[in-house]
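Asker: Add chain R to chain A, keeping to what the hints say.
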Amino acid sequence: MHATNTLAEADRLMTICNSCRYCEGLCAVFPAMEMRRDFLDGDLNYLANLCHSCGACYHDCQFSPPHEFSVNVPKVLAQVRADSYAAYAWPAGLSPMFEKNGLKISLVAALSVAVFIAGFVGVHDPAALFGQHAGDFYRLMPHNTMAAIFGAAFLFAIVAMIMGIRNFWKDIGEPAATLTQGGSLWQAMKDASTLRYLDGGGVGCMNDSERPTDNRRRYHHFTFYGFMLCFASTSIATLYHYVLGRHAPYPWYDLPVVLGTLGGLGLVIGPIGLLMAKKERDPALVDESRKGMDVAFLVMLLATGFTGLALLVLRNTSAMGLLLSLHLGVVFALFVTMPYGKFVHGIYRFLALVRYAKEKRMLEMGEA
Amino acid sequence: MVDFSKRYDVLVIGGGNAALCAAISAAREGASVLVLEAAPQFYRGGNTRHTRNMRCAHDAATDTLSGPYSEEEFFDDLLRVTGGNTNEELSRMMIHESKDMLDWIVQQGVRFQPSLGGTLSLGRTNSFFLGGGRAMLNALYLTAEDLGVTIAYEAEVIGMDIENGMFLGATVKRPDGAFFVRAGSLVAASGGFEANKEWLEESWGPSAKNFLIRGTRFNRGTVLKMLSAAGVDQIGDPTQCHAVAIDARAPEYDGGIITRLDCVVFGVVVNKHCERFYDEGEDVWPKRYAIWGRLVAGQPDQIAYIIFDASSLELFMPSCFPPIKAESIRELAGKLELDADALDKTLADFNAAVKPGTFDHTQLDDCRTQGLAIEKTHWARKIEKAPFYAYPVRPGITFTYLGVRVNKQSRMMMADGKPSANMFAAGEIMAGNVLGKGYAAGIGMTIGSVFGRIAGREAATNARN
Chain A
1 MHATNTLAEA DRLMTICNSC RYCEGLCAVF PAMEMRRDFL DGDLNYLANL
51 CHSCGACYHD CQFSPPHEFS VNVPKVLAQV RADSYAAYAW PAGLSPMFEK
101 NGLKISLVAA LSVAVFIAGF VGVHDPAALF GQHAGDFYRL MPHNTMAAIF
151 GAAFLFAIVA MIMGIRNFWK DIGEPAATLT QGGSLWQAMK DASTLRYLDG
201 GGVGCMNDSE RPTDNRRRYH HFTFYGFMLC FASTSIATLY HYVLGRHAPY
251 PWYDLPVVLG TLGGLGLVIG PIGLLMAKKE RDPALVDESR KGMDVAFLVM
301 LLATGFTGLA LLVLRNTSAM GLLLSLHLGV VFALFVTMPY GKFVHGIYRF
351 LALVRYAKEK RMLEMGEA
Chain R
1001 MVDFSKRYDV LVIGGGNAAL CAAISAAREG ASVLVLEAAP QFYRGGNTRH
1051 TRNMRCAHDA ATDTLSGPYS EEEFFDDLLR VTGGNTNEEL SRMMIHESKD
1101 MLDWIVQQGV RFQPSLGGTL SLGRTNSFFL GGGRAMLNAL YLTAEDLGVT
1151 IAYEAEVIGM DIENGMFLGA TVKRPDGAFF VRAGSLVAAS GGFEANKEWL
1201 EESWGPSAKN FLIRGTRFNR GTVLKMLSAA GVDQIGDPTQ CHAVAIDARA
1251 PEYDGGIITR LDCVVFGVVV NKHCERFYDE GEDVWPKRYA IWGRLVAGQP
1301 DQIAYIIFDA SSLELFMPSC FPPIKAESIR ELAGKLELDA DALDKTLADF
1351 NAAVKPGTFD HTQLDDCRTQ GLAIEKTHWA RKIEKAPFYA YPVRPGITFT
1401 YLGVRVNKQS RMMMADGKPS ANMFAAGEIM AGNVLGKGYA AGIGMTIGSV
1451 FGRIAGREAA TNARN
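In the order they appear, the protein sequences are chains A and R.
Heads up: the first sequence begins at 1 in my numbering, then just goes up one per residue.
Heads up: the second sequence begins at 1001 in my numbering, then just goes up one per residue.
Please keep in mind that the hints were generated in silico from the structure rather than gathered at the bench.
Think of the CB as a built atom: it goes at the ideal place given N, C-alpha and C, for glycine as much as any other residue.
Just to be clear, a hint being listed does not mean it is correct.
Claimed, not checked - To spell it out: a stretch of chain R is covered by chain A in this simulated footprint if at least three of its residues, at any positions, have a beta carbon under 8 angstroms from a beta carbon of chain A; those stretches are:
(1) 1047-1057
(2) 1132-1140
Unchecked claim - Distance windows between CB atoms, simulated:
(3) A:Gly346 - R:Ala1178: 53 to 59 angstroms
(4) A:Val159 - R:Ala1061: 49 to 55 angstroms
(5) R:Gly1148 - A:Arg166: 54 to 60 angstroms
(6) R:Gly1148 - A:Val159: 56 to 62 angstroms
(7) A:Glu364 - R:Pro1322: 27 to 33 angstroms
Claimed, not checked - As a list, the in silico DSBU-like pairs of lysine-lysine whose alpha-carbon atoms are at most 35 angstroms apart:
(8) R:Lys1325 - A:Lys360
(9) R:Lys1173 - R:Lys1437
(10) R:Lys1287 - R:Lys1099
(11) R:Lys1385 - R:Lys1325
(12) R:Lys1225 - R:Lys1173
(13) R:Lys1197 - R:Lys1173
(14) R:Lys1287 - R:Lys1385
(15) R:Lys1418 - R:Lys1173
(16) A:Lys360 - R:Lys1287
(17) R:Lys1355 - R:Lys1335
(18) R:Lys1385 - A:Lys360
(19) A:Lys360 - R:Lys1099
(20) R:Lys1272 - R:Lys1287
(21) R:Lys1325 - A:Lys170
(22) R:Lys1385 - R:Lys1345
Pulled out of the complex, with its shape left as it was, chain A reads as follows (with noise of 0.2 angstroms):
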């Protein structure tokens, strides 16, 4: 029995394509089913998180709807991961945050922290707000409070996404050592920095049509080299800060200036590419209930990555103040919701590459 009916939907779907198997060379997701004879609501969860949603299988399968079987995997599997993602919240009392309303969460998260940042500096200091500091952000707000605050909300993100992963291997069943080996950490690296099951078996995702297209992996290239590099960035500014001593701000050529310029480039592409696919979707693959969820990372993230670019373009202007403030209740959003957003779903996706990579060695082994 099942926890859930779109788990006993999902297992009457993973019965009907391992007696198939015609996708086994699409992605990960199949060759994982055939390693199994019956499913099990963590087995489900585990191979929902390996899927990448490419639509291949939807397009190539005899039995999606119209047909009597209606076999609908990529749809069924986000709606189980979706699922997923919310059982494994912690504190469990938030899940309900994965539900329709993240874009408004995280619009007035963030607009309240800017708010709260612009009027204690307003009432305080105007001239600090409205004046023109050469790009001096910390004449708003002196660096040690900034880091201890931004410090906090990541930590925060930190501890309740452990907790989140806690819970997703206990549910898969999996060992705690499968995480200490380094030849499937190394693998499951390799297919998710290049997003190796996201190219519908080799000639890229179908996401309105039959015809295929790479550019969802594009824009997602797109999308988490630019977090990565914005993530960079800010590591290295905080190491030049503390470690060598030299305070922001940096000239336009200077690392953090570079990096963050270069992420914030790819966090304004990006999402604006994949939000583009988004909306062009074949409606059939949709998870319509869950769009929310995933609309309001990609805003959040391009929200990131534009006021971001705008305080670097105008950080010699008197603008500088209320950008500061939008930009930094932006990224304090994204921080704290992180855990109860679609950013959950490349933690699980890669830990889930990690067991298939364990269990495809194994698999190999045995035959050898």
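Answerer: Then chain R, alone, in the frame of chain A:
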């Protein structure tokens, strides 16, 4: 959208592998091409939708094929499965052309992968489509569209103008009315008649009502009938079809691969009177699966039950419907609505006749019965370990053999022995030229692709002259 008033160089009837290869090949020769597919877009492609591989000769192993498969070996396999009932000239030509097909079909966008899980025995001879037959079709349709081929769905041909073996035009029924379309030449690639139960009844009698159609419901043989009426020579046994035993709970059409059952060799098979009727362990399953459709068709009400126990449950590929499960044979009989005493006795007699042996399902082992009217000659083990399981099975028809005679150009031959002026055929509608009876995995796709490509090329040349 589709312009029926225009005169096309080549008209292709059908929408499967053979039709699309013909359309692409004709378009590559510069011809204007119209494809008439009777099915709506989702169900396009006839039985190709349900296929997964094609058998092509090759001199060396490739990325996806585990070893060489020579033309001679391919021909020997064909001779064996058909019992020599093949046109040697055509089949040797097809096998030769199949070598080049591996490259040609990839150039049309089709992708291959190594043999699927559970089909290792075909890894050397057969090339598996990545994503299966529908993925293959999608690639061919995209290529055809890119080449400017016009495709009409829900376009059933209900009439043809043929004068002295020369095709002039066809009447097409569409949701928005009937149209007449003219073309310089014709490629008929519209499949067999396995979905036409009235026609099947002519050979099988009323029992045909209980047959399940494994593939498309659109293969009704309308075009085949019209061509025969217009004087095209027939080939192949009109009373034969390829049938296997599939899960009786399968839908009437399009159940496809997932309704197959590979467990006959592990148990016993009884009819509705709880009687066994054939040696379940005669030979390895890949060599025997195709006789069980006919065997079940010969039983009362065309139904039978495969019965096995817990020790065999995980020895075969899973299928889509769960087996019916019970803690005792009598309870199982109740669930199957069979006579409990009779089933109990059949199983008791069987168990009593099982001789000791060493069970090995990977080869012809020494586990057999002794003393039964119908012995089980291999893999006979007592059915005694609860829970007990059963699958109900019915005949599932894959394809029919009757077709039109063609020559090496894929050109139809008239009953008077003359070649048709401008009519060509490819795929199941002419498979009987190569495959008089029997079947070898993936050969239907070889026939479709090779003759489709030839038919398209020749039809284009023909239309130009």
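Asker: Confirm or reject each hint.
Answerer: Hints, verified against the model:
1. Counting residues of the region 1047-1057 of chain R whose CB lies closer than 8 angstroms to any CB of chain A gives 3, which reaches the minimum of 3, so the coverage claim holds.
2. With 5 residues bearing a CB less than 8 angstroms from a CB of chain A, the region 1132-1140 of chain R meets the requirement of three and the coverage assertion stands.
3. A C-beta distance of roughly 56 angstroms is found between Gly346 of chain A and Ala1178 of chain R, which places it inside the suggested range of 53 to 59 angstroms.
4. Take Val159 of chain A and Ala1061 of chain R: their Cβ atoms lie about 53 angstroms apart, and the range 49 to 55 angstroms holds.
5. A hinted range of 54 to 60 angstroms holds for the C-beta pair Gly1148 of chain R and Arg166 of chain A, which are about 57 angstroms apart.
6. In this structure the supplied range 56 to 62 angstroms holds for Gly1148 of chain R paired with Val159 of chain A, their Cβ-Cβ distance being about 60 angstroms.
7. At about 30 angstroms, the CB distance of Glu364 of chain A to Pro1322 of chain R agrees with the hint of 27 to 33 angstroms.
8. Taken as a hint, the Lys1325 of chain R and Lys360 of chain A pair is honoured in the structure, with Cα atoms around 32 angstroms apart against an allowance of 35 angstroms.
9. Using a Cα cut-off of 35 angstroms, the hinted pair Lys1173 of chain R and Lys1437 of chain R holds, with the two alpha carbons roughly 33 angstroms apart.
10. For the hint linking Lys1287 of chain R to Lys1099 of chain R, the alpha-carbon distance of about 25 angstroms falls within 35 angstroms, and the restraint holds.
11. With a C-alpha separation of about 12 angstroms, the suggested pairing of Lys1385 of chain R with Lys1325 of chain R holds against the 35 angstroms cut-off.
12. This hinted pair checks out: Lys1225 of chain R and Lys1173 of chain R have alpha carbons roughly 17 angstroms apart, not beyond 35 angstroms.
13. For the suggested pair Lys1197 of chain R and Lys1173 of chain R, the alpha carbons sit about 21 angstroms apart, so the restraint of at most 35 angstroms is met.
14. Of the supplied pair hints, the one linking Lys1287 of chain R and Lys1385 of chain R holds, its CA atoms being roughly 28 angstroms apart against a limit of 35 angstroms.
15. Simply put, Lys1418 of chain R and Lys1173 of chain R have alpha-carbon atoms about 31 angstroms apart, close enough for the 35 angstroms limit, and the pair holds.
16. The hinted pair formed by Lys360 of chain A and Lys1287 of chain R meets the criterion: a straight-line CA distance of about 31 angstroms does not exceed 35 angstroms.
17. Proximity of Lys1355 of chain R to Lys1335 of chain R is assessed by CA-CA distance (about 30 angstroms); at most 35 angstroms being required, the pair is judged to hold.
18. Note on Lys1385 of chain R and Lys360 of chain A: the hinted pairing holds, with a Cα-Cα distance of about 33 angstroms set against a maximum of 35 angstroms.
19. Distance hint between Lys360 of chain A and Lys1099 of chain R is fulfilled; the C-alpha atoms sit about 33 angstroms from each other, no more than 35 angstroms.
20. Distance check on the hinted pair: Lys1272 of chain R and Lys1287 of chain R sit about 26 angstroms apart at the alpha-carbon level, within 35 angstroms; holds.
21. Using a Cα cut-off of 35 angstroms, the hinted pair Lys1325 of chain R and Lys170 of chain A holds, with the two alpha carbons roughly 32 angstroms apart.
22. Proximity of Lys1385 of chain R to Lys1345 of chain R is assessed by CA-CA distance (about 16 angstroms); at most 35 angstroms being required, the pair is judged to hold.
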